Structures are given as C-alpha cells and as structure tokens.
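Student: Now for the letters of each chain:
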Amino acid sequence: MDFTFTEEQSLMADSLRKAYESDYDFDKRRAFLDDTATFHSPAMWQTLAENGFVGLLAPEEAGGFDGGGAEIMAVTAEMSRHLALEPFLATSVMGVRLLVTAGTDAQKSNILPQVVAGEANLAVALYEPGQRYDVAPQTTTTKVDGDDFVLNGTKAVVVGGDSARWIAIGAKLEDVGSAIFLVDAGADGVSKKPYRLVDGRGAVDLELSGVRVGADARMAADDAETALAEIEDWAVTASLAETLGAMEMARDLTHEYLQTREQFGRPIGKFQVLQHNMADVFSDVEFARSMVFWAASEVANPDAPTRRRAVSGAKAFVDNAARNIAERCVQMHGGVGVTDEYALTHYVKRLTLGQILFGDRDEHLLRYTNTNA
Amino acid sequence: MDFTFTEEQSLMADSLRKAYESDYDFDKRRAFLDDTATFHSPAMWQTLAENGFVGLLAPEEAGGFDGGGAEIMAVTAEMSRHLALEPFLATSVMGVRLLVTAGTDAQKSNILPQVVAGEANLAVALYEPGQRYDVAPQTTTTKVDGDDFVLNGTKAVVVGGDSARWIAIGAKLEDVGSAIFLVDAGADGVSKKPYRLVDGRGAVDLELSGVRVGADARMAADDAETALAEIEDWAVTASLAETLGAMEMARDLTHEYLQTREQFGRPIGKFQVLQHNMADVFSDVEFARSMVFWAASEVANPDAPTRRRAVSGAKAFVDNAARNIAERCVQMHGGVGVTDEYALTHYVKRLTLGQILFGDRDEHLLRYTNTNA
Amino acid sequence: MELLYDSEQQAFREEVRAFMKEMAPVDIAAKAHTGQRYDKEDMKRWHGILYEQGWVAPKWSKENGGAGLDPIQVHILDEEAFAAGMPRLQAFGLSMVGPVIIHFGDDEQKSRYLPKILSGEEFWCQGFSEPGSGSDLASLKTRAERDGDKYIVNGQKTWTTQAHIADWMFCLVRTDWDVKQQEGISFLLIDMTSPGVEVRPIITMDGEHAVNEVFFDNVEVPAENLVGEENKGWDYAKFLLSNERTGIAGVGQSKAEFARLKAIAKKEKRRGVTLSEDPLFRAKLADLELKLRALEITNLRMLIEEKEKGAPGPISSILKVVGSEVQQGIATLTMEAVGSYAAPFLPESLEDSWNGEPIGPDYAAHAMPYYFFRRKASIYGGSNEIQRNIISKHLLGL
Amino acid sequence: MELLYDSEQQAFREEVRAFMKEMAPVDIAAKAHTGQRYDKEDMKRWHGILYEQGWVAPKWSKENGGAGLDPIQVHILDEEAFAAGMPRLQAFGLSMVGPVIIHFGDDEQKSRYLPKILSGEEFWCQGFSEPGSGSDLASLKTRAERDGDKYIVNGQKTWTTQAHIADWMFCLVRTDWDVKQQEGISFLLIDMTSPGVEVRPIITMDGEHAVNEVFFDNVEVPAENLVGEENKGWDYAKFLLSNERTGIAGVGQSKAEFARLKAIAKKEKRRGVTLSEDPLFRAKLADLELKLRALEITNLRMLIEEKEKGAPGPISSILKVVGSEVQQGIATLTMEAVGSYAAPFLPESLEDSWNGEPIGPDYAAHAMPYYFFRRKASIYGGSNEIQRNIISKHLLGL
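If you're matching them up, the sequences are chains Y, P, W and B in order.
Anchor point for the first sequence: position 332 equals 332 in this note's numbering, and the numbering is continuous, going up by one each time.
Anchor point for the second sequence: position 168 equals 1168 in this note's numbering, and the numbering is continuous, going up by one each time.
Anchor point for the third sequence: position 73 equals 2073 in this note's numbering, and the numbering is continuous, going up by one each time.
Anchor point for the fourth sequence: position 71 equals 3071 in this note's numbering, and the numbering is continuous, going up by one each time.
Only chain Y is shown next, with the shape it has when bound in the complex:
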C-alpha cells in the first residue's frame, strides 16, 4: 500500500485549498453560517461542481471522476481544514455512491448528470427515531397502490436533507423485504424540519405521510439494509477524513498557541506538562491518519465483512483519538479555546460531531468485534 497521495490526488487537494482560501476565510464563512436559507455557500458549491469535485465518485461517462476511497480522503480532509459547510458528504459521497451502486439505469441517466453539474443535490436517509444506528428500515413502510408506492414514516437526522432535491429512503415493503426509493424532496406528503448540525451544516428530520411515488422511484437494491450499510461505511470513511483534517488544524492552532501565549513570564510551551500533552496530540494525529488510510483503502472492497472490519475498526479508534485531541487542545488553550470567535472551537465542534454521526464508538467497536477473525 502506498501511503502518500498520487500526484493527481495532491493536485486535487491543492486546487480545493486554493478555492477555499480565496473565498472562505473565517469571517466569510461566518456569513455563510448565519445564512439560514442555504446552510452553506451556493457559490462555492458551484465552484466545486465546475471543478469536478461534486462528481468525484461518479463514473467518467456521467461526467464524473471515477474516484474511490483515496480521493474521498484527500478531498474531505481538505474541505474539513476549511470548515466547509457544503453538502459534499451528503451529495457527493453518500448520494452519488448510492446512485452508482443501486440506481436504475434511468435514475443514473436522468439524475446523475444534474448532480454532477451541481444542479440537484442528494441525501440518503439512514436512520429512524428511536432506532439509534440501525439502518434497516423499521417504521417506514410502503403500500402498493396500482403502479405506485405510498410511503409513510419518519427519518431522523438526514444529513444534507435541507438542500437535497432527491432523498433516498429505505422502507419496508408490504409483503416481505425492503427497498430504497429515490423521493423528490418536494413531493406531496414530504415534510422537512431543517436545522443545523453542531458544526453548522444542514440536516433535516423527515416526515413522510402518504407520499406517492411511481415504480421508477424504486432503486435497484435487493435489500435496503445491505445497500444502506455500504453507504453508511462510505459516509463513515468520509467523516473520518473530515476528522483527520480537523485534527490537524486543532493540532496546529494549539502548537502555535503554545509558542505565543505567555504565562508566568514565558511561553506556555515551555511547561513540560504541556509539551508532553502536545507530543501526545501530535502522536495521536499520526496514528489516526494510519487508521483513516486503512478505512479509505478498504471502503470499496466488494467483500462486505472486510470493508466493515476496516471502516468500523478505524471509526472506533479515530473517535477516541478525536475526543482526546479535541479535549486536550481546548484544555491547553484555556478559556479562549471555548469561544465562538476562535477557530479552534469550530474544529472541536466538527471533531465532536464526527463521534456521534453514523454510529458512535461503541457501535463500531461492536461491529468490529462481530467481524472478528
């Protein structure tokens, strides 16, 4: 395995960095954060689409980049360094991957090009209230009515659901089994409660009450749980890369603070206890990086247990590192580390969000032990 990025991947990250550096500094971002209409910067999203990032995982024939785990890692880590609010995770990772693996030919040819062009966003509803981190549809059901399906149910914390034109929804079938439907977010009976996540990105809770869709909305997955579990693993992998980017920034901000902040007549970085804490933060980031590499290298593995073992193992490990790093970086800063005006706070928020989205540490530790050889 090669642990460095290819030149192409590095160039990709560089061009992203430049886009965010020029239009997305801390104050500009604050303005996007305050915009309750979009929860992100539509202009930046357009830039991402134009530069081929939105279709990162889409096949080349659909205008995509045909990327995999390594590209996801490079791109999401970089976006995270800039605290990007754009719905990349929901649309470009979860949505596109689902369309590619479980979309019908018609869905692929009709929807994918719009998505790649940045004209229509996607979201995938993974969970239901009270079911914690179980992706199997339990309370969302369908009834067949002529050629149509009628959906009822509730979905919880649908990341990117606020800006999504289409939302993929797993539901129990009337007789037996389950399926995924690609539902127009504006359809009758779809009601969205939008809100910000802790890091500022948008999400919704979703209520489906007698939502009628045609048979063409049904995706080509045999079983909702299996297909959604794979998407969840892609989401985890992208989220881990975001965590890595945020860790690096928290580390660097703290490192700089230790060298500039003075107490008792000298930089606080001269105190041995803080030196050792900083050394541990440095070390934790590197070990976490190794585990993110592992997840990224296995997420496309067609063997589901192998994929899950790497992804869940990495998540269980990295969540721990993320918590330790976030908490120690705040502690080394003291009071300033908890103020909204200071960037560290926002990286800490992202690091914390990563610990509870798409399965917490206990969940993934359990999944990991269940795949244990």
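Note that these hints are calculated values from the structure, not bench results.
It cannot be assumed that every hint is accurate.
[What the hints assert, rightly or not] In silico SDA-like cross-links for lysine to any residue, where the CA-CA straight-line distance does not exceed 25 Å:
| id | chain 1 | residue 1 | chain 2 | residue 2 |
| --- | --- | --- | --- | --- |
| 1 | P | Lys1192 | B | Pro3361 |
| 2 | B | Lys3232 | B | Gln3109 |
| 3 | B | Lys3262 | Y | Ala304 |
| 4 | B | Lys3062 | B | Phe3104 |
| 5 | Y | Lys143 | Y | Asp175 |
| 6 | B | Lys3262 | Y | Thr306 |
| 7 | B | Lys3269 | Y | Asp175 |
| 8 | B | Lys3180 | B | Lys3393 |
| 9 | W | Lys2262 | B | Phe3281 |
| 10 | B | Lys3110 | B | Gly3065 |
| 11 | B | Lys3180 | P | Arg1266 |
This one's a predicted model, so the numbers in the text were calculated from it and none came from an experiment.
Add chains P, W and B to chain Y, keeping to what the hints say.
Tutor: Frame of chain Y, contents of chains P, W and B only:
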C-alpha cells in the same frame, strides 16, 4: 460516618506497627520469604495471637476481640505496610468469620479457641479450576455413606491453605443444594499442592479424593454459595485495606525517590511531568481510601445487596487505582523500580495480586451493576 | 441504610427535603429534567424563597444574616436543592465577595452591601481574569490611580461571568507598579452602571452568552469602595479563592445530573436493549457512578475536617480535579447516550423565549451544549494543571 | 485481501513463511505458546539456522555478510519469525555494535568482530547505563585512562542485559573530564573475560536474571579496541540508538503475543461464557487490537519513509511510546485473562530446568512474570518521558 479511627483502633495499628518494626525489616522478611517450609514467620504469628489479633473477628467469649470492618481495615492496612506474610487474611478474616457465622456450636467451641490462640490455622476454599470467580461449588461433590460424607473434587488457589489445620470446603450435596464442610487438612484423600502467591504468601491447590468426614464436619450454612459469598466479601474488604497500605508505601517511596534521585543536574521531582504524576498518585490514594472506608463500613451489613454493592463497588474502583498507582510508581523510578532488592517491587506485587484475587475488576463491576438501583 | 451521615444529619436532610418538596417551584424544577436554561428571573425567585427561609447564606454566621450551618449541613442543603432541580445561587455575592466584606470590609460596607446580597436585590460579578493573565492571575494589569477621594480605573477584564446582568463587580486592580506583582494589587467594588464601564459579550461554544469582556475607560470609583487596605488585595483574593474551594467538588450538582443521565439511559436503546442494560454503556455508567461515590465520600471527609479544623487546606485541590472530571464525564456520557440526536445544534431552544419545534427527544437539545459547557470545568477556578501544581508544591513539597 | 503490502512483498512473505514452516525448530516454537523462557542454547540454535540461510543480519549489506534486505522485507522477516514462535536474536551484536563497527570501525576491527557476530559465536552486551545516569546518559562516569597502548577502565555499569552470558561488551567510557559532557566520551570494546571485570546479577520483579551490574576495577583494554576516534563516542552512541529505533515498535512480537492472548481468551470463561465472547473483555481485546493495527500501519509508513529517505527521524519516538503501550496492554490483558491462576508465582517453572508440577493451565505461570517484565518496555531505550521530550523538542520545537 466517622472517617477517623477510634483511639482503640489506632492503638491496635500502633502495637502492630511496633511488632513488625522490631522483628520484620526488609532483610529479615527476605529470610521468611526464602523459608519454603512455612511461607511466613511462625514467631510473628504467635506474637499476633498473643496480642489478640488472630481472633480479631471472634466473639469475646471465645477470647476474641469482636471486631468488624473498621478493625479489619486498621489491622490489614498496617500489616500490608510491612509486607506481612502471616496468614491473617485466610485465618483471621475468612476462617474466623466463617466459623462465627456458619460454624456449629461444637465447631465454635472446639476449634475457635485453638484458632484464636494461634494454634490452628484456617482457610476457606472459594473457587474451583475453570470456574473463575464463582463461589458456588460445581465440581466438588459429596456422597452420603452411612453417617459420613465422602468428598471428591478440586479447589483452586486456596489462600493460606498451606498452613491451615482446617479447610472449609463447599460441595454439592448428593440430592439437592450444597453445604460447607470443615475438613482436617491432614485427612486421608486430601492432597495439597503448595506454592507462593506473587506477594510471597502461601496458598495451595487442593485435591479431594474420597475424603471421608463425619456429619459433625458439616457447617451450619443452608447454602454454600450464600455463605461463601459473604466470606468472599470479607476477604475482598481485607484485601482492599491491604491494597491501601501498599499504596501508601508505594506513594511514600516514590515521593522520597523524586526528592533524592538526580538527573540532568537536579532532583527528578523538579520535572513538572513527574510532579503532576505524583500529584495524581497522591490523589488516587485518597480517593481509594474513601472507597475502602465504604467497603469497611458496609461489610457487616446484614442486607446482602447493600453489602455487596459497597464491597464490589469499592473493589472495582480501588483495583483501577491500584494498577495506576503501581504502574506510575514503577515508571517514576525507572529501572530500580523493577528490581527485587528494592521494597517498591514488593508493594507493587501486593498491589497487583489484589487485582486478581477474590474477583477482578470486571467481575466486581458486573456485580456492582447487578445490585444497581 | 446510609452510613455516611449520623442521625442528626439525616434529620436535617429530611427537613430540607420536605422544604424542597413544598417550596421548590415546579416550573423551575421542570427545566432541570430537560436541561433548559434558568434565567435571571428563575434565580431571583429561588433566591427569594431561600431568603425567606433564612437559608440563602447557609455558611454566614447568624449575626451577619446567615444560617450558621456547619459544612456538612451546607453540603446537605446543596445536595437537596440540586436534587429538587433548583438553580445554583449566585455565588459571586453569597460565597465570594460577601465573606470578604464580612472579614475585611468596614462597617459601612457591611451595611451597604450585605443586606442586598442576602435579599438578592443586587447581583455581583468577579473581575479577576484579564486577557494576559489567566492562570497567572498576579500578572494583572488593570490599573487604579488614586485621585483625591476616588480611583480612576483603566484596563480590561475577561471571562467575566454574568457581567451583563450584574449590578456590581468586585475587582482586582493594580495600585502599585514598583513592587512584587502580588504586593501592588487592591480589591475594589465597582458599580457596573458607572460611566466608562463597557460590557461586551463573549459567545462560548455552547452557544450561550454567559461570559463577557469588561472594559474600563477612566472609570471613577469612590475611594470608600476599596475593601481593606490598599495593596493588600492579593490576600483578600486568596481568602476568597480558598472559600471558593468549599463545594468545588460539585457533589450535589453532579448527583442530580447523574440521575438525569441514568434516566436517559433507561430510555435510549441500542439494538432493542436500553443503554442502562447495554454491557458497555452500563459499565461506563458504573465506573462514573463509583468515581462520583469516591468524590462524595472524600468530600465528606474534607467537610468533617473543615468542621473540626476550620478552612480546608490545599487538599481541596484533589476535589477540584476529580470533581471536574466527574462533571465532564457525566456530560460526555449524556452526549453519548443521546446519540445522533445530539448532533442537531439548537442552543436557542434551551431558552424560555424559544417557540420552535423540538428535534428528537426532549432531553436531546441540551446534550451537546452541556458537553461543551463542561469543558470549562477543568479550566476555570484554577485549571487542573494549576491544581496539580498546587498539590505538588504545597502538599508534596516538590 | 491484505492491501498493506504489494505483490512482491507478499511473495517474499510467502517465501519466509515456507522457510519458517520447514526450519523453525518445533521444540523452540512450543515454548512460545506457553511463555517458557528461551535459553542461550535456543538462541544459538536459531541464530545458526538463520545464519545458514543468510538472513541473520537482514539489514547489513551483502558485502558485510548481511542479506541486504530493505526495511519492509526486514519487517516481514521479523513478523514471520515471531509468528513461528522463534526468539528475538541477540540485538547487541547484530543491530547495535555491528553497524557501529561497519560504519566507524577500522578494517582490523571489522574482520575481527563481524564474522563472529554473524556466526553467533560471540555474544555481546551493552555498557551504557550507570547507577547515576539513567535517562541522563551523557552524565556517565566510568573512566578510561590511556596508559601506553591500553586503557585502564574503572567504574560501574548497570542494567546490563545478558552481561552474564556475553563474551564482549561495547561500552561508553569517559576519556576527557575537561569538556562538555558529551564531548569526553569514547566507545570501547571490552572482553568480558578481562581481569577486573565483575558481573553481579540483578534479579528483577519477574523473578528473572537477565540484567546485571558490571564493575570495572583497573581493567586493561587494548587501545586497538577503541572504535573510531577518542572522545567521539557520543556520536557513535547516537548513531547506534537511532538504529535501535528501527523495529522499536515491536510489531511482529506484539502480533505474536496478541495471538497468544486471543487463544487464552478463547479458553478462559466468565460465567460460562468465554472471555472472547464476554462483552467487556472482548471490547478491551478489540481496543488493543486496533491500537496494534494503528501501530502496524504507522510503522509501515515509517518503513516506507526509511526505505525512501534513509534513516528514520525522531518521529520514531511516537512508535516507541505506543509500541510500549501495546506491549504492556497485551501483558496486562493476559494477566487479566488468566485470572486467579496468575496469582501463584513460579517463575522458575518457565525454565527448562524445572521439574515441578504445573499449577493451573499451562499458560498460567507465564502471565504474572510477563506483566512485570513488560513494565520495563516504557523505561528502557529512553523512557517514554524522554521520548515525549524528544518529540516536543525535535519535532515540535517547544
């Protein structure tokens, strides 16, 4: 609750301290340690008996002191500070308590006086191979043969079994239920494999093969498991107090070492990282002390769930502290902390033994949660 | 059977509990169950109820208008108030500047300030920290220059909790520049309505406005507002901080918050099993509960010592460190228990003024801000690093 | 599917594995399963087998008699040897003094020492630590005074692993007292049979005699035994220590030991359930396995860096710290898994010479000595505190 010892308890600890200080320094103790015949100092044991310590828990009419948890705490902590090898835990805590609570009148009047006088030691066999920390007899069985019982089975890690004249053995009864038999350690069919525990005290594995005892050997407990569980809780409490005494000594040795050992031209206690580690050790000892108080104050509680909640809760907490303290004290010493010639090593051995005798941390955490309100 | 307290203490607890049952306002208590924020009105109302009962200043002597309770009784009162879901009272007046005025203030100051602290009519804030002096408090730079019968104050304070709702600030200022840092500091009482005082909010990561920056631009403070002697302020601050240490373990509050966590764990499920039965989660709960238990007993040992010997020593530092770890542990497990519904961030929904729809269970919105809020527990009042310095220097002589 | 290695590396691993299967002596491998101790004879035998194969010095260049493998191949060889239950080879000759002689020794030294290091005919030990200089190595006091064509050595070394079975010691001695500490140190090779060398055992808490004190009383050492230049010994020591860092993560050994732990956890039961299925224990196993995985991948990243850029930098310090934590974690869980049968202490039963009866399962006797033995992992080779100093100074510039 009064968290200081009464004057009587303090005097008791003082007189013990004097006895050990005069006859039990590190080199003398090493000689006892090397003596494979007794695994302890018979002379010191005689001194303990003469001063009333051996019968600490026995009723006054049997020549005992009628003590409880607080006295056990004072005495065992003090003995542990001197790394005492004498079979106090096996005989005076477990054995005497079992005789007092489950002995027949005849057993009490025949055996207790000999025990209190230091003339006959006791041991209680709690576990069987492969059953981990389950005190319910599983593989040890009895058959009735006329007026006698015939015992067969194996018992594991019987603390103090090496010097015991009588060993209490739980066994399944032929028909239903279980009982405890007070067996003469020299009886036909009793075979002992003696060895040292990690802290130097003696123990045995026991094989019973057709051991014939009279009906008078049967103790007055309705059910072996309940009676032995209570004894186990007394053993845990005494062991926790030993741990406390060993913690204090490990702390003090390390504190002194930090002030005297020099590296890079100054006492290593001037390095902030070691200062903070030492502060944590100091703190851990005090919090552990509080939990030992809790166990000691509740061990005689007739309400079994309340007793168990305190004892197991304290064990789960103190084991953790013991491990942290032992490992940090060794680390702060560096190489010298792992040499057999230095006292710290022996306190660390006792601290480590305490973590696996009478139930480990996971076992007691489980017991604690099972009593959870 | 609870062996920690004797029968007299048990009886006092029963009395307090009966009082709480009768007098604690139900609407205020309801906020505790979901982690809604208490507003100033809630605090004033509860303050008034305790004032009527004579328990508002439990540690103050009776001649000063207090309840004259012993440290263990104070602790019991504290525990029961938290268990009843009541807010912590404003410590700045009752526990901080009040005792300083009692010990070091003159008669005029006592009669001017103490009654209104007791009645709750005046709220206080603490002007200690400055941008350049956090852990190194003695390096503070805010200056007060004597000009006839007044001081002219210039400088800046920060992390000033509730400066925006406070009537008064007790403030450390530098009055001598030519001596050792600690020897040039004075203790001033500043009217927050004085011209030249400007309060600017600091929004913290929990989305709350609780702390502030306070700027002084030629603020005139009457010389009679100096407490004790000029340049002796550091001594009064040390006295104040040592008082602050009592109760620093936060046992009562943590017990109440732990009970809330346990209730959430009984509702939330993983794979059909409640978290309170989930092997990993319940082991974490048990670990934390035992740590809280150790804190409680250790705290009680200190209180007995305080009752018998007077003020607590530097050993209270070990309570601060573990107390903050327990507080943080509870908040962390609460966030974990809530799971993905801790991800929506709506701190505004914790305020009375909010009219929106809740997202997820009613206890969900509190979880994440609470986790963030508790990060401060190991920073303020002397960070845990400073506490460990104190232990190693003052207790261990290293 | 294992993505960590490319196909060429996989092929090399297959080759090594086949070799191990054929050549690793069964009786030596059996010791690994129960934690019996390898004796000198075992080490010599295995050394000889690898020597025959040409793999005994995998990193040495072929012209020096080594195998010339790249760092990743070396790592694969190391992993497979541990997986086959083979003992670690004597590092003092092969990994420490050997490379120093190759880089800084003269031709005579090379031809005198290298062949016998390779063949295993001569065992070495390391004379660095002294009673007064542990972490502060440069403060060493053992002195060597030049007297014609020899040095007269006086002083004391300690923690000298295997001094009692070694033929030679490479030793840091002070040859100049008037300069900065680091600049007065020389690197001497000392024949352990020289008159005046006395070796006294140190028994460690695991009951083993592996380390020693070594006393020098007017020991005569021929001047030709000086490596490189006089007073440049500190540079050679730094070179040696940086080589020591490769492989310091101990991945191969930890993987083998973790496999043994897992096997024990499949046998031991709590309440009728094996520990490998017990929710708390298996969570601890998983946590540790993941830490080992992170160590393995991070180590591989460093090896790739080393392969591409030469020697590893101070970043290897992070491998040392976590590597030692993993080693200690495995030993700790092994002790926990064994339970009460770890309490009997019979380290003598781990030696070939023992004839007694075993107590408990066959893997029990090893558990406690192993736990104690591993305490050293965070102390030797630069304690973890020293490693964190190195990271903060050399990597972070603090």
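Student: Taking the hints in turn, state whether each one holds.
Tutor: To see whether the hints hold, each was checked on the structure:
Among the hinted pairs, lysine 1192 of chain P with proline 3361 of chain B is consistent with the structure: their alpha-carbon atoms are about 17 Å apart, no more than 25 Å. At roughly 17 Å between alpha-carbon atoms, lysine 3232 of chain B and glutamine 3109 of chain B fall within 25 Å of each other, so this suggested pair holds. Between lysine 3262 of chain B and alanine 304 of chain Y the CA atoms are separated by roughly 24 Å; this keeps the pair inside 25 Å, and the hint holds. Proximity of lysine 3062 of chain B to phenylalanine 3104 of chain B is assessed by CA-CA distance (about 18 Å); at most 25 Å being required, the pair is judged to hold.
Distance check on the hinted pair: lysine 143 of chain Y and aspartate 175 of chain Y sit about 9 Å apart at the alpha-carbon level, within 25 Å; holds. Distance hint between lysine 3262 of chain B and threonine 306 of chain Y is fulfilled; the C-alpha atoms sit about 20 Å from each other, no more than 25 Å. Annotation: proposed proximity of lysine 3269 of chain B to aspartate 175 of chain Y is violated, straight-line Cα distance about 43 Å (limit 25 Å). This hinted pair checks out: lysine 3180 of chain B and lysine 3393 of chain B have alpha carbons roughly 20 Å apart, not beyond 25 Å.
Between lysine 2262 of chain W and phenylalanine 3281 of chain B the alpha-carbon distance is near 23 Å, which keeps this suggested pair within the 25 Å criterion. Simply put, lysine 3110 of chain B and glycine 3065 of chain B have alpha-carbon atoms about 11 Å apart, close enough for the 25 Å limit, and the pair holds. Proximity of lysine 3180 of chain B to arginine 1266 of chain P is assessed by CA-CA distance (about 17 Å); at most 25 Å being required, the pair is judged to hold.
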